[in-house]
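Enquirer: Each chain is listed here by its residues.
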Amino acid sequence: MKKYILNIGLGIVLLGALSVSCSDNFVEREPVYSIDSENYFNSESDYYNALIGAYDLLQSSYVNVLLGEIASDNTLAGGESASDVVGFQQVDEMTHTSVNSNIKDVWNWMFAGVNRASYILEFKDKTDFAGKNQILAEAHFLRAYYHFELVKWFGAIPLNGDKRFKLDDEKKIPRSPVKEVYASIEADLLYAVDNLSPDAPQTGRATKGAAQALLGKVYLYQDKFIDASKVLDKVIESGKYSLIADYSAIFENAGENGKESVFEVQYSDAEGAAFTCLQCSEGNVAVGFNGIRNYVGPVFDSGYSFNVPTPKIANAFEVGDKRKDVSILDIVAWAAANNATYGTGYKHTGYFNKKYLPRQGDSNIGDQNLTNPNNYRAIRYADVLLMAAEAYNRGGLDDAKARTYLNEVRRRAFGDTNHDISASGPALTDFIWAERRFEFVGEGIRFFDLVRTGKAAQEIVGFKAGKNEIFPVPIEEIQFANGNWQQNPQY
Amino acid sequence: MKSRLLLTVLMLFTSYAFSQSFDVSGTVLDGSGLSLPGVNVKVKSSSQSTTTDFDGSFKLSGVPKGTVIVLSYIGYKTQEVVVSGTKITVKMSDDARSLDEVVVLGYSSRKKRDVTGAVTVVSSKTIEDLHPLKVEQALQGTVAGVSVTAQSGSPGAAMNINIRGIATNGNNAATVFIDGYQGDLSILNPTDIESITVLKDAQAAVYGVLGANGIVLVTTKTGKKNSKTKVSFNSSIGTQETSKKMSVLNATEYALLLNESYANGGQALPYPNVSGLGKGTDWQKEIFNPAPVINNDIAISGGSDKITYLLSGSDLSQQGIIGGPKSDFKRNTARLSLGADLASNMKLQTNIIYTYLDRDSLNENGLGSVLFNAINTPSTLPVRDQNGNYTLVPSSPGYGVEIINPLAQIENTYNDYKLRKLNGNVSFIYDITKEFKFTSRIGFNTGNSISRNFSKQISYGGKVFDITRSSVNQNTVNDNDYTLDLIAEYKKTLFGNHNIKAVLVSTVYKTWGSGLGATGYDVPNNSWKYADISLAKGTSPAGGRDVSSYSYDDRRVSYVGMLEYDFKGKYLLNAIFRRDASTKFGPENRVGYFPSITAGWVVSEESFLKDNSILNFLKFRVSYGVLGNDQIRSNAYTGLLNGEATYVYNGALINGTAIGGLPNPKLQWEEAKKFDVGVDFRLLNNKLDITADYFIDTRDKLLIPKIPVSGITGVYAPGASSPTMNAGSVRNKGFEFAINYKDKISDNFNFNIGYNITTIDNEVLEVANSTGYTEAGGFGVGQPLLPSRMEKGKPIGSFYGYKTDGIFQNQAEIAAHPSQAALGAATAPGDIRFKDINGDGVIDSKDRTNIGDPIANVIMGLNLTLNYKNLDFLAYAYASIGNDMVRNYERTLTDVNRSNYVLGRWTGEGTSNTVPRVTTGATNNNLFSDYYVEDASFLRIQNVQLGYTLNKTFSDKIGISKLRLYVGVNNLYTFTKYRGFDPAAITGPQNDDNVSQSSVGSGIDNGFYPTPRIYTMGLNLNF
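Line order of the protein sequences matches chains A and B.
Quick note, the first sequence lines up with residues 1 to 491 if you use our numbering.
Quick note, the second sequence lines up with residues 492 to 1514 if you use our numbering.
So here's chain B without its partners, still in its complex pose (with noise of 0.2 Å):
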């Protein structure tokens, strides 16, 4: 066999040689005449190719006459053109959604024509428009089904990817794989990715165990065969500023609302004169500032007939709204792609990437955060005292003990991280033979951080941040992975019709590291200057640990079989197997086995439908598959002494061992079943394109990490925990539904508009735990009862509390209610009206009940397009329909700050029936109940931007390609009725995997950072 593929190279080699042939040189130009660099030019008949240059121009030497030039582009609809003169021009049409572009599909890829799975791409073109400085803001309404939200408005903070709603409790995040590893998209430069595919049914079951959140695949870009070097230069500067100030009351009106608030406690008046207070400190104002934000990149790519390259780096610095310095970020990415023909049928690709990631951070959305302080801290006290001093806020009953001066908050937080990563892949391609294919790669992550805390020694008066003893806390973390994947294809058409692929591939997959933290206290000097533990050289009390360890190692074999068939390119058919063994379960449940089918039918290759004027394509999809979820906590399903067992001898702490968590030999794998049935079709010369899809997931033998057990069992111990279970069912199903028009008006203007919306009908099929719920989160101070809940038919997340009737307005309505005096406090006019939800004539804890949840019923996202001569325009926008969220920011103590919305308050019999009395006497209105609970639908114009490109002729003068100059705003507006800062905070608390956040518990807004609105010029430079 070997002999003969030398003797293919041989024979190519000399045809090369004594053909009869002439030189061919052309241009590409794109729809509007510009001329297109980049294209890949391949004479059909044998390996020869090459790339435009910069002003769209190639040579080919030695061409026959006709003989068959293929090309193609990115976007662009492939064309095969002629070879019947030296000189040849070509136009390509700029069809965005071609349906000969090649989806990448995982371990394999298939025309889009031909894909059977509900697949999503998302290509450069899309994020050099959005110019998003995080990848995962590109697929921010711009993909149906998938939704994105961020953890945090603050510079660099982590960003959520959920596909097709939210079916765990747990880490409910899309997988990411970048060149087939495993990998993080925060940590990539945008501008490197050539393509992102969003695999959202049964399609991601190659995936297996990975795949039940779905996949998300990244493709970086690569230098181009026979390419000149080609520079590619972005840069940026905006400025940032907050999307929100929230209405909160003044000086005068605060000082009037706690004199009425007392009075009706029956207490002396605070603020027996108000006049001269005017309006006060407006503590939004001092905290929030404009800050710069500057991204710069560049790329330099090309390549010889056998070798490409791109290089590239980037810079990205980010300062917060808050705090500027304070809550500031930095990435920095250098990447190397290299691929060499080693010979004819073997290549080698390989592709590097370092980043360095750089983020200091505030104390941001929780209680006692920076802006809940801001929110709560009363603007009658001044920002500094006499003495220049930030000034203390009163330590008091009435302002509780967590509410500090936002600014001498800022002034005295020190932290530092920093994350240096390696990460790529080596890729090994050898064509055996026409049909056989065979690649092996192996790809990494290997990431080393260091972080650093300084607790300074400080007073606020007595208040929970009063630090006594100054302190460093550093930490030092290591993590790595592999992916090494072995993959064969065989590719055949039999009889003329029947295509056949068949792919199988080993995937093995380790992930490993350990983390070491330790503390030193007495600082010298108080000061970050000094913050470190080589000179903090103070420990804790004796017995005391001051340093801390950890390690893990979990690991995947999985094989993986996939047979594609097509009947003519009109019967589509697609199989996958996949075998999964993990670490993370048990020795008796370890392996998983995941099936899948995928079938269509492209109806207008039938000839009925072939080459009508009107319809351009039509197919239709359906898909069934089980998928796998392994994303829980290693070691789970073992008992080990990781529990925290510390107890005093002796007058000194003294250390032993306990149990960790209870384990569950039992556990096994989570399935997801998902069902997809769809549609695509193209109308009107291809330019309506639309995609419809109905789909079913359910979510069987959910993975529920810490569920409520029985207390007997010991897992309320220190350092103990329930255990996961195989425990629930959540189902998730709905419509999607995405729609495109392009059109090209005149050889000036063209334009493209597009819609997609998603319903999603999230339900808990069940929870098995005979209470039939778990519970999570948190709301107010003090109050033990949970306000989230997973509960059996229920969206996950719920909000569970009491469910208000209006205000009493006299004391004859409290007389004929229930009596409320079970929840703690006596009721009078003016307070709140609970429901009786059980009927049992007594208002109690028992009258909770569903009242709303954080789950968006529908999400949209519409984005523009236009062209005009030089001058091109985009709007892209994204809403979300049906989420509530609970309003947890206000302190509710008698002397702190409150939203404006109290001025409309009962204050006498028919003032109002929505806001209750203020009062200094004890209530029960601060109980978690519906009248915390808003709608938090939106709609968000993310993001505008007009661009102006150079003349072709004058670029060309200049020796440029490409100039295009923009500007844009990100963030523009945000319709909503929420109070809050950020309608789209959703964060929740962080799961026992200590990365993902759990959906029990989300959507509690404590002081939501908000998302910058950022005013962007910049330049695209390419030559």
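With the rest of the complex left out, here is chain A (with noise of 0.2 Å):
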């Protein structure tokens, strides 16, 4: 019995000896469940799945299109308090510093959709399929519209090719001047022009149309009058796209991805999101900031009272002009006609933004201000015949066409030929920029159109010409460049 036992132990005393040497294989393992992201691309659905991944992105441009338009003179920040949202706050008043949370969201986040994109770039030779080039084209069309934002925001940024960006990249490859990243945003959309399919395969993918008319607007943000002209005719000439007829069907819920959507952005309201990762909602959170604050009454959700227009926009619209009522609310009309309620937030004006408030009907899952389902129409076709009457009267190319595009918007807006327009030459010029003006308030464009056509300055009170046209460089991505990267000028 004893010597039975001591065998026992010696026999643990062995195996103890044998599992010591199993050594160091023992820590070599795969992980469990997961896919390594190096070595992925091996079929046509990894390249589908991580294309969805790309546009996922196209939804945190919803802070782009708000600040965008606060910073405009459309708008005011608005918001509980002077000190709520200090970021958006700053933009409206024109104080921003490099220290400015949203502005720096606005890089992080197109730089991701720029990441996202270029990862699919990165492999595009992996493996072979057919349809391939339309996932790749829309992968190049994505990467065009995230670096146009990103141009546009902040002018020279660091590209990298068809490679994502490594850690210490920001220490080495230099800010491209604008003119390098317009030319590299125009080989992309060429290459998408030229793969992508007219009709999109699912709704909301980018189609050839989307990527002309974006062609177009970035041949326009370059005062390429021809290309642009040309480009934007395709879109027009096509034929797949025209006017809804009525301008207030456009931003309902039923109006989505309308005959008059080149490209938009699409939201849902069928997951939850959280305050702690705006960008992961699914849902359009410029919506939730646009709501009337503590409103109760019919048609609207409430929200966070951000994005205010001001009296100014609100009174420069001609008498019988029908996207007045569509574009703005009047809060107190609205509420002594419907018997609702309302609170007055910081810098309250009695107006709010129509056509991106939060409706009644969504499913209002958690949290229900960041979730609402509205998408953002990012080109209309109304955008694609403005530009190309501007494309055409500042060529010198034909300013009769200009007017027939001008005209084709204004019809629609006012419902008569009464308020054609006639002018021609730089009178035209203002007639198409103001045109510009009341057809897309509210939707985060007017910024933008008053500094690439000079006139910034004199529009936008606290407005810098010579630093304002575009916004700093969020102070940490100049620290971390290490002195590779300059900071915009005057900031």
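Derived by calculation from the structure, the hints in this document are not laboratory data.
Where hints are given, some of them may not hold.
Calculated pairs, BS3-like style, for lysine-lysine (alpha carbon to alpha carbon, straight line, at most 27 Å) [to be verified]:
hint : chain 1 : residue 1 : chain 2 : residue 2
1    : B       : K616      : A       : K166
2    : B       : K1283     : A       : K166
3    : B       : K1233     : A       : K171
To be clear about the criterion: a stretch of chain A counts as covered by chain B if any three or more of its residues have a C-beta under 8 Å from a C-beta of chain B, and this derived list gives those stretches [to be verified]:
hint : segment
4    : 128–138
5    : 328–337
6    : 376–389
Over the 12 Å line for every Cβ pair with chain B, so calculated as not near, a few chain A residues [to be verified]:
hint : residue
7    : N100
8    : K124
9    : A187
10   : K234
11   : N315
Don't be surprised by glycine CBs; every beta carbon is placed ideally from N, CA and C.
Fit chain to chain and form the complex, with the hints in mind.
Expert: Below is the structure:
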């Protein structure tokens, strides 16, 4: 018996010695149930799935729209108080500095989008399959979209070809001049135009028309009027798009992805969201921010009363312009007419951005202020027409054609031909620019229009020419770059 | 060799049979003459041993005259007695810190006299004295250098143990081992514990990569050989109440303040008539209610000459002082400890613990928590409206969208968490020869938890807590791990005076598990009763995922070599070398090496001090070592497609793939370089016992999770995150001093008084990410500038905001000061004046600076016990000095309630230079500044207890060995200037390991659930 136990004892000792010798193999294990990011793109579905990730960041561009509008003379920051989202308040006052977490969001999120598009392009040659060009073209389109946002906001930005940025690239790769950034955007969009299908495989994905329209916009921003007019005409001549007769129908839920939508950022109310990760929301965060504070009444849900239109824009509409009541909600009149109540926030003007207010009827999954499903109509056919008009006019190419496009937009706005414009030359240019202001109020376009047309300093209080055309690079980025990047002038 | 062993065993038996001997019976008494049960009685020259009975008596049969008997008992000085007759009486001196006490050091143990590291032992006596509900509380104020903080005062909330300061913004909790395996203190019944050893310096190097934050070693109780069955039963019942109520405005004060505020903002008075408002509702009184706590445990132990056993069970149920059963905690434990001598030199020891936890919790410690709402809801609102429903807090900008009726919030909170955990170990100890010992042991944890959260469909009238669709979320988690140790120990004395012990260890650790969660919508009848996915059949709109899961698998292989040497017990040396390989790091840096050395000189053993009448013992110690840390998220070295990629195609959500956290293949071990020099001495017949240490802990290659990096790398995408990098260095240095004095004035009266103090000087030496800092935390609402930093030259987690310089008394002062307009709002007299820190003539976000930190500079503990005849008394207190806290429980809106310090606000020139004016207009006064940072130093009387032990003569008659009755108060009183609920509130943002809390962002008080005051009465019964 004793001997038996002793044998067991020695056995355990031996077993122990054996297990020690198995050594470091024990820690060589693969992560469980996970996919290695560097051994991906082995099938069509891998590309398809990665593309969804690249689209995802479009949703975070809500802040570009919201903050872009606040930056313009169309709206004030609003909110609860002077310290409510200080970053918005500062941009509104044009006192923003390189310490501004909302401007930082624009930088971070748009580069995240660039990163995800580049991830696909980095592995573009790994696996072949039919229809791959369509997916690669979408990746090119998305990268161009994000780059265009970045160049509008920050000017020169670093570029890294078809590769993701690695850690420490910020210390090595310089900020490419604006011209080079635009060249890269044009190249991406030309590829996209050549390879995208005219009809999206699924609603929400980029089309040939979207790429052409964006390319036209990119040309226009560089005053390349001939190129712009050509490519925009292709969108117009494609016959795929038209103005929705009833302007008010465009911004309702039922009007999403309509005939007028050349490109639309898709949002959904199907998933919850939290303030800790606004870029993770599938909803349009800007809509809740635009919402009427403490609103109780019909049609709308309440929100945080940011981005409130100024009396200046509200009073600027011509009599008979049907767009005014669609664009701007006069809350006093509305409350009286609908027995509604509301609260007044900071810098309350009595007006709200009606195109992008929270509507009742969505699923209100928490936090319901962050999960509004209103799609952002990124490029409307009206924009294509007015851009084309501007290209024909300013390029001295064809004022008659420019007037035709302009008046097409005006006839819808007024419902008649009495308001047609007959001017030409620089006078026509002014009419086109004025039209853009009324057509796109609340859509985040105005500030960049003012900047590219050199009118920002005269229209925006506090705007400093030579400084505020672009925004400061976040201070952290300048620090991370460790001398490689210089701050934008005067910031 | 085997046959020789066998021979030895046989010889033992023969000698037993043939010796000329007689039976000895004896009694063992303690210092005060009471019988002492459970004392180990061993014949020195043989393996014969027994344990004293409940009445302190023992019997040894067949012992030769002149035999030496060794009596030992933890907390008492070991004694040797020579057998001279058949009856002996031994009085043991209750030297609570006996130098011969064996200290468990991990893989090995050493007599206290010979320990060369900074090590403190908390004995079962302290635990029995304190009767803590949670084990961690036994370390609160009792061990120099150890700080214990609760993550919340709610029942069952987790507690943090920090040893010698905070060195990382990642997981900074000490690693816990239970009988050799990695474990968790929160699941233990405190009375199951025999001792807790805290390794504070390079001594922890035996644990290599686990040792950086210090080590807590728990040894559980076992049965004693040759002892009769002993039953120990403890029962206590208590009632809890809040330890603090904040002073907020009553209804009249509130209405008057609002009128002034509205008038200053140029608005109509909201309360034109304040008469008749009275005091209104005291919301804190409404939510705080006395709550019961009941704690029972029983242990049955004993043993024969080959087998020992201990069986114990415990039941703790504690309700919350807020919400009663809605913040309820229940802990049941059952434990079985068995020891068996398989042969004279072979032992098997096993210990199995089963724990069941059940915890329900309320929204606590955050913005919108129950307490936050209780503080901010105006006293003018009644609890219920005319219809008997809970009053809705009005939906208007002045009340915000997060403030709701706290009682309604409690009522509508439904959740349940249950954990069932089995853990324990089996060890096999084989004394192969007298010198050579082999131990093999395996410890394990396996836990299953289920949780359920019901979100009731509810409307608070336009608040963020409104839920338009009911849902139930259910989660199940399975966690497992094992630790397999093989330990070979060789001990020998060479040339008479050189004692050598060499230990070789191989240890393997694996942890793995998985979690599965799902949500069902549209709960039938909107009722908790039907809140189960099987009934809640609604789903998210198309494309929404209502399910989630995760899995993990991490491993470690380690080898330890240890060499202990001493010469005549005078010169002591201990060298440790450990090699670790961990899956937390990539192939290139998977292996780390951790050397350390500790040395001691027992000066009192030298001839010039030996037998000195005043100085009984003097030892100098010094230690240095490099320890590691791998407590970061799994797989941080490699890129995985676990990011979020969700978009909308055809109007429905669609999920794709994206990269998660940015990988860092170069990740490597964090290095903790620990230096310690210390002295232990005893004076005046061992009555006075002093330990002093000076330490410098430098943490290099600090693993900073989510360290900010350039956004061009895509780290701000949904589901992505910044990498973990070895990018920092933090140093903690300080003094530790512990003094204990005990004396016996007479047979009737003795006392013990202990005091310890620790100073901690914490400084971040480096954050290597170009900006020189990382930031975290949150202050107020909509304020994007983060309030806490880990920044070079400052303490970790220091607060970063504006410095105030009084209040502007008039327009002239405003004109004379740099413009504050860039902060957002215009300035008026009565507003806060901020300092122009960078001196550029304008106040903007660049003028923020260090305005305090949540780390205490000094922590102290004071412990007193008195025994007079049958009465005993104890008082334990601890203090924390120099820690700051941010007051962030005020919603700073126009119509919410306020703390009553606003009564001293600025109302005109010369009225106040500290509290700004009130107004509904825009001000910069709510920006994060030192106005919101308060000194949260405190002294807390943690435990006061008075006990009465029944006379022995009487208890003997009724057949019990001991009956003690006691009354006590826990958390009796806290001396502090801090205005919030609890100055010990240290909660931080959760780290990306999803368990620990970050030290950056901690000390921000959103309405911390205070630690309750508990009035207890109880009894200890042994028979």
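Enquirer: Hint by hint, note whether the structure agrees.
Expert: Each hint tested on the structure:
no. : hint             : in the structure
1   : B:K616 x A:K166  : 57 Å, violated
2   : B:K1283 x A:K166 : 26 Å, holds
3   : B:K1233 x A:K171 : 64 Å, violated
4   : 128–138          : violated (count 0)
5   : 328–337          : violated (count 0)
6   : 376–389          : violated (count 0)
7   : N100             : 8 Å, violated
8   : K124             : 16 Å, holds
9   : A187             : 20 Å, holds
10  : K234             : 25 Å, holds
11  : N315             : 25 Å, holds
This entry does not satisfy hints 1, 3, 4, 5, 6 and 7, going by the numbered hints stated previously.
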